[in-house]
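In the order they appear, the protein sequences are chains Z and V.
Here the first sequence stands for residues 1 to 111, where the numbers follow the numbering used here.
Here the second sequence stands for residues 1001 to 1117, where the numbers follow the numbering used here.
Simulated from the structure, these hints should not be mistaken for laboratory data.
Backbone N, C-alpha and C define an ideal beta-carbon position, used for all residues, glycine too.
Where hints are given, some of them may not hold.
Claimed, not checked - Restraint-style ranges between C-beta atoms, simulated for each label pair:
# : chain 1 : residue 1 : chain 2 : residue 2 : range
1 : Z       : Gln-3     : V       : Asn-1103  : 30 to 38 Å
2 : Z       : Ser-7     : V       : Gly-1016  : 38 to 46 Å
3 : Z       : Lys-68    : V       : Pro-1100  : 17 to 25 Å
4 : V       : Glu-1087  : Z       : Pro-111   : 24 to 32 Å
5 : V       : Leu-1117  : Z       : Asn-27    : 37 to 45 Å
6 : Z       : Asn-110   : V       : Ser-1054  : 43 to 51 Å
7 : Z       : Glu-103   : V       : His-1007  : 27 to 35 Å
8 : Z       : Asn-110   : V       : His-1085  : 36 to 44 Å
To be verified - Which bits of chain Z does chain V cover? Going by a derived footprint, with three or more residues having C-beta under 8 Å, they are:
#  : segment
9  : 23-33
10 : 51-62
11 : 65-77
Chain by chain, the residues:
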Amino acid sequence: QQQVKQSPQSLIVQKGGISIINCAYENTAFDYFPWYQQFPGKGPALLIAIRPDVSEKKEGRFTISFNKSAKQFSLHIMDSQPGDSATYFCAARKHGSRLTFGEGTQLTVNP
Amino acid sequence: GAVVSQHPSWVICKSGTSVKIECRSLDFQATTMFWYRQFPKQSLMLMATSNEGSKATYEQGVEKDKFLINHASLTLSTLTVTSAHPEDSSFYICSAIEPPGSNQPQHFGDGTRLSIL
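Chain Z extracted, bound-state conformation (with noise of 0.2 Å):
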């Protein structure tokens, strides 16, 4: 029921590209759905997040998208910069509770 799935565990993308990654929960009173960005030797950073309200969240070119009925959401990073390579985590939270995470995707965007 805390399960938090994410995939795929790597991802190598052109600089340019779109990156996608994909994350599945069970929990349905989690409210709550952030991702991070985490560089090497630095903690997570939050890059952008979602209630279940809403079916998609677009900052810059980051979007998150919501599909309540099956119990997933996924990160969309368009325009892909090497800048972008880092370690994303995808998390879920029900209120006053703790977040539970994915395993995280190693993104490499090549130049």
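Model the placement of chain V on the given structure of chain Z, informed by the hints.
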């Protein structure tokens, strides 16, 4: 934006030493802070939840006498690794959650790399 400051960023010390790591929320009051441990190429593993003015709640398998947590103010939580041994070497990351509001985003510090010789 909200910032969580963690200090020190890197510690190298001898086995048997106790090490204290500080976590501060710089521009918001955090009644709840979290401490995580992260192994290379793995996700974050929650160690404990720290609530201001009360005892921390530890996750199963985390020794509370080994990892002492103090959350004495709304902007500061500390993690003390007591009598550290090489197996305690890891990347420790703190996190703070914003006060009740629309989403209560959770922000992370930049981590502390702990190396026990």
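Given a hint of 17 to 25 Å, does the C-beta separation of Z:Lys-68 and V:Pro-1100 actually sit inside it? holds (24 Å)
For Z:Ser-7 and V:Gly-1016, compare the CB-CB distance with the range 38 to 46 Å and indicate the outcome. holds (43 Å)
According to a criterion of three or more residues whose C-beta lies within less than 8 Å of a C-beta of chain V, is the segment 65-77 of chain Z covered? violated (count 0)
Using a Cβ cutoff of 8 Å, are there at least 3 residues of the segment 23-33 of chain Z near chain V, or does the coverage claim fail? It is violated, with 1 qualifying residues against the three required.
Cβ separation of Z:Gln-3 and V:Asn-1103, checked against the hinted range 30 to 38 Å: Cβ of Z:Gln-3 to Cβ of V:Asn-1103: about 22 Å, so the range 30 to 38 Å is violated.
Note whether the CB distance of V:Glu-1087 and Z:Pro-111 lies within 24 to 32 Å or breaks it. violated (40 Å)
Assertion that chain V covers the segment 51-62 of chain Z - criterion: three or more residues, beta-carbon distance below 8 Å: violated (count 1)
Is it true that the C-beta distance of Z:Asn-110 to V:Ser-1054 lies inside 43 to 51 Å, as the hint says? At 49 Å between Cβs, range holds.
Given the range 36 to 44 Å, decide if the beta-carbon distance of Z:Asn-110 to V:His-1085 lies inside it. holds (41 Å)
Z:Glu-103 and V:His-1007, beta-carbon distance inside 27 to 35 Å? At roughly 29 Å between Cβ atoms, V:His-1007 and Z:Glu-103 fall inside 27 to 35 Å, so the hint holds.
Has the hinted range 37 to 45 Å been met by the Cβ atoms of V:Leu-1117 and Z:Asn-27? holds (42 Å)
Checked against the numbered hints above, the structure violates hints 1, 4, 9, 10, 11; every other hint is satisfied.
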